[in-house]
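Residue numbers (the UniProt record's numbering), protein chains in the order written: chain U, 1 to 405; chain Y, 1 to 405; chain F, 1 to 405; chain E, 1 to 405.
Hints were generated in silico from the structure; no laboratory data involved. The model shown is predicted, which means the values in this text are computed figures rather than measured ones. Treat each hint with caution, since some may be false.
Heads up, the list lumps identical chains together, so a pair's fine if it works in one copy or across two of them.
Here are the simulated BS3-like cross-link-like pairs (lysine-lysine), alpha carbons at most 27 Å apart as the crow flies [claimed, not checked]:
id, residue 1, residue 2
1, Lys22, Lys348
2, Lys103, Lys174
3, Lys405, Lys249
4, Lys174, Lys405
5, Lys174, Lys22
6, Lys405, Lys103
7, Lys405, Lys22
8, Lys22, Lys6
9, Lys158, Lys348
10, Lys256, Lys348
11, Lys22, Lys230
12, Lys143, Lys194
13, Lys174, Lys158
Number of protein chains: 4
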Amino acid sequence: MSAPKKVVLAYSGGLDTSIILKWLQTEYGCEVVTFTADLGQGEELEPARKKAELLGIAPENIFIEDVREEFVRDFVFPMFRANAVYEGLYLLGTSIARPLISKRLVEIAAETGADAVAHGATGKGNDQVRFELSAYALNPDIKVIAPWREWDLTSRTKLLEFAEANQIPIAKDKRGEAPFSVDANLLHTSSEGKVLEDPAIEAPDYVYQRTVSPENAPDTAEHVEITFAKGDAVAINGEEMSPATILTKLNELGGKHGCGRLDLVEGRYVGMKSRGIYETPGGTLLLEAHRGIESITLDRGAAHLKDELMPRYAELIYNGYWFSPEREMLQAAIDHSQARVNGTVRLKLYKGSAQCVGRWSEDSLYSEQHVTFEEDAGAYDQKDAAGFIKINALRLKLLAARDRK
Amino acid sequence: MSAPKKVVLAYSGGLDTSIILKWLQTEYGCEVVTFTADLGQGEELEPARKKAELLGIAPENIFIEDVREEFVRDFVFPMFRANAVYEGLYLLGTSIARPLISKRLVEIAAETGADAVAHGATGKGNDQVRFELSAYALNPDIKVIAPWREWDLTSRTKLLEFAEANQIPIAKDKRGEAPFSVDANLLHTSSEGKVLEDPAIEAPDYVYQRTVSPENAPDTAEHVEITFAKGDAVAINGEEMSPATILTKLNELGGKHGCGRLDLVEGRYVGMKSRGIYETPGGTLLLEAHRGIESITLDRGAAHLKDELMPRYAELIYNGYWFSPEREMLQAAIDHSQARVNGTVRLKLYKGSAQCVGRWSEDSLYSEQHVTFEEDAGAYDQKDAAGFIKINALRLKLLAARDRK
Amino acid sequence: MSAPKKVVLAYSGGLDTSIILKWLQTEYGCEVVTFTADLGQGEELEPARKKAELLGIAPENIFIEDVREEFVRDFVFPMFRANAVYEGLYLLGTSIARPLISKRLVEIAAETGADAVAHGATGKGNDQVRFELSAYALNPDIKVIAPWREWDLTSRTKLLEFAEANQIPIAKDKRGEAPFSVDANLLHTSSEGKVLEDPAIEAPDYVYQRTVSPENAPDTAEHVEITFAKGDAVAINGEEMSPATILTKLNELGGKHGCGRLDLVEGRYVGMKSRGIYETPGGTLLLEAHRGIESITLDRGAAHLKDELMPRYAELIYNGYWFSPEREMLQAAIDHSQARVNGTVRLKLYKGSAQCVGRWSEDSLYSEQHVTFEEDAGAYDQKDAAGFIKINALRLKLLAARDRK
Amino acid sequence: MSAPKKVVLAYSGGLDTSIILKWLQTEYGCEVVTFTADLGQGEELEPARKKAELLGIAPENIFIEDVREEFVRDFVFPMFRANAVYEGLYLLGTSIARPLISKRLVEIAAETGADAVAHGATGKGNDQVRFELSAYALNPDIKVIAPWREWDLTSRTKLLEFAEANQIPIAKDKRGEAPFSVDANLLHTSSEGKVLEDPAIEAPDYVYQRTVSPENAPDTAEHVEITFAKGDAVAINGEEMSPATILTKLNELGGKHGCGRLDLVEGRYVGMKSRGIYETPGGTLLLEAHRGIESITLDRGAAHLKDELMPRYAELIYNGYWFSPEREMLQAAIDHSQARVNGTVRLKLYKGSAQCVGRWSEDSLYSEQHVTFEEDAGAYDQKDAAGFIKINALRLKLLAARDRK
């Protein structure tokens, strides 16, 4: 790879990406463009502008954007249409944010004439894969720089030395080592490393940042109604809202009731297992509600096919293949199924749990007339079931007759 | 089908199966053998013996058996090795009990020279399918009688008239109609019908029988440790127990903390959607714990394959294909994966939720050395990740280069 | 089911469906509408009109249509985009024609105010299922009449007696029993029954009707070039043609060279195994060519996903679920993959085999630069492969280290 | 990676691996152990011994073994139980041989106290992955050396110079460049590269080495009967043979009749597409025959599950994951299905095609009684089909009723 001339850096304004910024300037002597996105991580963005300016980035090379609506509309919601969970439990909160960041990095590279992008993910994690596969899939000629895989700043001490040597301001609370590492966006907060590295030991309560503990949640349950149109949430308690507003509101509700905490050991794409603490309050409500509305509006054939495709779909997102033909194929199938996934679900939130307790829809397939224990006025002829069973049993009977020989 | 001469009836001792018993005698003039099983439904069995005798069944034709250990060991535990859930949520508590009952019906038919078996499931549900497919798969020549699909006792009134006309004792509380229908065994209690038929309306609290409401659960969390060997639970809090004892104990724990309640609309195999309230306290703990122990002992490749196979496996059980070559094939694959699924999981139970908060094992694949944020002493070379990504990206880059044309 | 008042019958003009026509009139006293379709079965349709008139059908109730283009464009081609084969070998020639016939039956019923449709498939086969599932999926209120499951004309003798008693003309060659049963359309000819019922015995050569035997095929190979656009064949040897014309032409070519014969024992949806002799000359060429063009234009991820979805897709079509949400979901995924499946394939036809020997495309993903044994000018860095393997091996190494303990 | 001290080299005795042998000695100064296997590639092995001795390998460090029986029994046959084909067409002839070679390399390393293994696969292909994943899965501490990824002998000229400089004898016909590259074993011969690199151009006939062209095959068809036990071929034309003998015999038969030629563009695991010419004469017969015997002995449920699992299984083998938990899980499922796959298949071989024309078995599930067009003596009640269809249609009818709203 020839040396990059101009690099778009995914820049948070924090210490680590500030060090990367400076390192790119000194190591490659290249021009740096910064991209700072509001994905709902709950941090002010303007300080990042100041930091970037301080580090010598020209104003026209500083990109600060609120991408929360795009994030929820084009990434989170399509994923929730699939009821995607990784390894049975993880709602993919980090995974789903990476493709959007890469997309903007590549787009800004095109706008600014940059030939490279850079990110602050380490060489041990999944995020490097997600950033880079996305970038390459969107621009096969882009260069990607991953300083953590390249430099020799392999300890906290060296990083701080580099920062000091390069006049990078170090916030007081960044002097010491953080007791764990955090990633956050509108969908979730993940925490991992350090005090969490022994999977036998329960995570200390101070790790949780976005949800109260179930013990501290209100003693009275709260009900919330979520309305869906074509598989996407469109209103809460009857009030229509934009995608990002809905997720924000669901986060508040879920967080207040201690919903969506997850303590997981997962299999990383790069081969080792890692332990993470995830908080996905709004997403947890959304998944439960989406399953609820599908339960009355989705045909069994479609629903079961979705369930079978889901693990693969979730794996693709986890592994970084959002921008791949196979993810898009699965999305086409999933989206096709959502045309009539309309209606409202009622959830009960209480001390850590969020459960569907009611659902209704103009597009319901639930037929009380068919299922009733009462007289059904001929809607269903029980004798048909005899033939149904007989024909389904035929191959098993032929098999049994053969096998008893 | 020629008329049956001797029928083995799945007999609970209750009003409905007593009516069936008498109806078989009068309709077919055939000898009836009763089979009453203790599957952990929580009812005394000896009254069923008295009832059967009262209805003229010869003592040698009355079979009363405690099959709880067989149920958990040979049916529930193998199913939980797969982390089986139907339509994302249902733990298959009713589905998994039916094959065992059919197996014993067919075996008793062989022992007693009966040419038919009979069950009390209606023509609208899944259970008829499960009973009959199992029976045919085990004996292709067996006759199966499903009175609910045949007779004209299509209303409560007619049933009671038949009972009275035939001197079948009617318990006082059976005079009126039950507000909903219940099925129970050691794994779960399901309730459906009547007051539950409108899926928009929250189930009244009196429906729940095996779990306290989360609101009434203890205000203090309780931790429990479940130990696994080859994928099956073998001890609770360090104390080894038999399979049925373990499930019983887990039911107590889960029930006390309000765990395992589920309000679900599901797609029946016979085509309509139905709404059920399920209580699976012990099973809910078991699933969470099994996922927990797998998370550190199961390789990612095996785990993901299991996740992909699971929906099919669950569907097969739900639909009644326990005794089918395809379920057995999947079981062979699943069981193969469990050889090293050993270790202990720590769950936190609190007001309706059961969450894994710690897990450890002699067979752990979790490598703190590999995953650590600290120096890893060369266990992992971050530069390898660059090549990994480059090669994985190659096809996407070729695609992007083609598609931009 | 209340008695039908007006029935649209899938009418071939042959003896069997003429008997059905008359039987419907006499049994149900209902008005009959006939629908006779040219699906490429190679029979004149006008005699069917005369026959229908002779049997008293009013001219406005006689529908005769050439649906070959619709058949190939909307059914055959979409299916071939999936490379669908049932049980590894069967190209689904009969299965794919049934939904179209049902669709027209239901549409004509709507046009003519009929409340029922009828077909001439027996109760032992798959076709009854395909006809009826399609009809119900398109009109849930339609009645379907399947005379073969209802009447008592259970022997050839009784059928002929009924025909004679009702003045239905019997062609001379229909007096005796046919040595086997045939179904044909533009995609294939299937033969089964009678002389073919013992699967151990090789089918006699006179069974084959649409292909010469490989032994009698030309002694010189012929090459043919098939051009695809978006996954569908659009030209042969550079000449653009309509869908039905292309399939007709491919049938000629394949038939001449003895291609597309298949002797198969298959598992019917209704539970038993049956043996069929299939001739699919054009389809065999089309499948080979489609695989060929996909091999250079389809990304590996998309291709493998298609391969994994295919058996399910084929099973759905075989079982009669063309008009089902799950088939449509899979179709959406498959169609999404075909956007750039453009280009030309060269096949060699010779004495029963059709093999792709060349393929080229403006949209090719094949990169000689990458794959070459020669210098590749830096297109590919072999050292990347080392990292790729190391990371992929990591989980296997952790596993091996654990398992050797 | 620290420098290896003793390396077991997969050694063919040819020029390339002789250069590797010398390069290992000079580059790493390490002791070399050679492993030369007879996998049925059709070359004498003793010359390899002489070559190795000439290059200074101690006699106790020269391992020459005939592994043909192990190859077919433990690798080829298990794979054929799955009917494995990669990307619809490729019989995995190269892929399946690699794990066996790695297994022996690792075992010999253990026996001889070597700490590394080495192979002669390039950095662009799949074989490096297969060799190395297998080696790491069997011994997580083994070092693997892949000289083609390391050295600077990047052109034919440099290789020959190195050979000359190191007194490595160069056979006359190795002076010039081969027009294509070949790999062979008892299952297949593959050819690729150079004259084959343009996938638009038909492969010249001189590429084919193991099969006559269909044009030159006998003008008369030949029938062969293959007998299976538990899914594996055990006899040809009634004569029992060992696994390797059977495959050898099938190769002769298939080769004589021009069967098993394949011209394929495939997606490599390392990301690019490549074109290969494969000859798998015996394997082609074996696959057709295995499908034939399964068609009468395997239940539909088992058969369809196998078809759905197959693409994944084939992909795992292609990608080098033979020794992985997920391949073993799938194998467990597949093997479970083969318990009654016994019987005999009759194939017709003629000018490039091999087709099943008859099959019979003591374990047949084919029931002429059920399938017959004649009277079936009550084996099957056609009226059952009506109920079967009605129940299967119910969800589609509910859907249609909803969707027409």
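Hint by hint, here is what the structure shows:
1. In this homomeric assembly, Lys22 and Lys348 never come within 27 Å of each other (Cα to Cα): the closest approach is 50 Å inside a single copy and 46 Å across copies.
2. Taking the shortest alpha-carbon separations for Lys103 and Lys174, neither the intra-copy value of 30 Å nor the inter-copy value of 50 Å comes in at or below 27 Å.
3. In the homo-oligomer, the alpha carbons of Lys405 and Lys249 never lie at most 27 Å apart, since the shortest distance is 65 Å inside one protomer and 33 Å across protomers.
4. Within a single copy, Lys174 and Lys405 get their C-alpha atoms no closer than 75 Å, and across copies no closer than 42 Å, so neither meets the 27 Å cut-off.
5. Taking the shortest alpha-carbon separations for Lys174 and Lys22, only the intra-copy value of 17 Å comes in at or below 27 Å, while the best inter-copy value is 54 Å.
6. Within a single copy, Lys405 and Lys103 get their C-alpha atoms only as close as 63 Å, which misses the 27 Å cut-off; across copies the closest is 19 Å, which meets it.
7. Taking the shortest Cα distances, Lys405 and Lys22 never come within 27 Å of each other, neither inside one copy (78 Å) nor across copies (36 Å).
8. In this assembly of identical chains, the alpha carbons of Lys22 and Lys6 lie at most 27 Å apart only when taken from the same copy (13 Å versus 45 Å across copies).
9. Taking the closest pair of Cα atoms, Lys158 and Lys348 never come within 27 Å of each other, the shortest separation being 50 Å inside a single copy and 40 Å across copies.
10. Taking the shortest alpha-carbon separations for Lys256 and Lys348, both the intra-copy value of 13 Å and the inter-copy value of 20 Å come in at or below 27 Å.
11. For a Cα distance limit of 27 Å, the shortest separation of Lys22 from Lys230 qualifies neither inside one copy, at 46 Å, nor across copies, at 48 Å.
12. Proximity of Lys143 and Lys194 under a CA criterion of 27 Å is satisfied in neither setting, with 32 Å inside one chain copy and 31 Å between copies.
13. When the C-alpha separation of Lys174 and Lys158 is checked against a cutoff of 27 Å, the pair qualifies only within one copy, where the shortest distance is 14 Å, while the shortest distance between copies is 55 Å.
Violated hints, listed in ascending order, are 1, 2, 3, 4, 7, 9, 11 and 12; each of the other numbered hints is respected by the structure.
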